[in-house]
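Novice: If you're matching positions, the sequence shown starts at 3 in this note's numbering and goes up one per residue.
Just so you know, the hints here were simulated from the structure itself, not pulled from any lab data.
There's no promise every hint is true.
Calculated pairs, BS3-like style, for lysine-lysine (alpha carbon to alpha carbon, straight line, at most 30 Å) [said to hold, decoys possible]:
{"#": "1", "residue 1": "K63", "residue 2": "K42"}
{"#": "2", "residue 1": "K27", "residue 2": "K58"}
{"#": "3", "residue 1": "K58", "residue 2": "K48"}
{"#": "4", "residue 1": "K42", "residue 2": "K58"}
{"#": "5", "residue 1": "K54", "residue 2": "K27"}
{"#": "6", "residue 1": "K42", "residue 2": "K64"}
{"#": "7", "residue 1": "K27", "residue 2": "K48"}
{"#": "8", "residue 1": "K63", "residue 2": "K48"}
{"#": "9", "residue 1": "K54", "residue 2": "K64"}
{"#": "10", "residue 1": "K64", "residue 2": "K48"}
Okay, the calculated beta carbon distance ranges per label pair [to be verified]:
{"#": "11", "residue 1": "N36", "residue 2": "K58", "range": "16 to 22 Å"}
{"#": "12", "residue 1": "V21", "residue 2": "P43", "range": "34 to 40 Å"}
{"#": "13", "residue 1": "T44", "residue 2": "G9", "range": "33 to 39 Å"}
The C-beta atom is built at its ideal place from N, Cα and C for all residues, glycine as well.
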Amino acid sequence: MIKISKGLDLPISGTPDPVISDTPKVTNVSLLGNDFTGMKPTMLVKSGDIVKRGTKIFEDKKNP
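Could you put together the complete structure from these sequences and hints?
Specialist: What follows is the structure, encoded as structure tokens:
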């Protein structure tokens with residue numbers, strides 16, 4: 003277990019812009035194996051399947 007006793011204060015001035023801009027709808031995504039180093043994935047969907055936001059795509063074989 004890691005305990006952090008002190009935080010990190012970042013010297014950021016100003017406030018964030020309260021506007022959320024519209025972006026194009028995402029229609030295709032990809033997963034790259036190099037993004038998940040040390041993990042052995044078990045795929046829960048097949049290539050070309052249509053999935054909804056929040057759907058599990060894969061899980062780790064070591065920690066299902």
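Novice: Quick check: which numbered hints come out false for this structure?
Specialist: Of the numbered hints, all hold.
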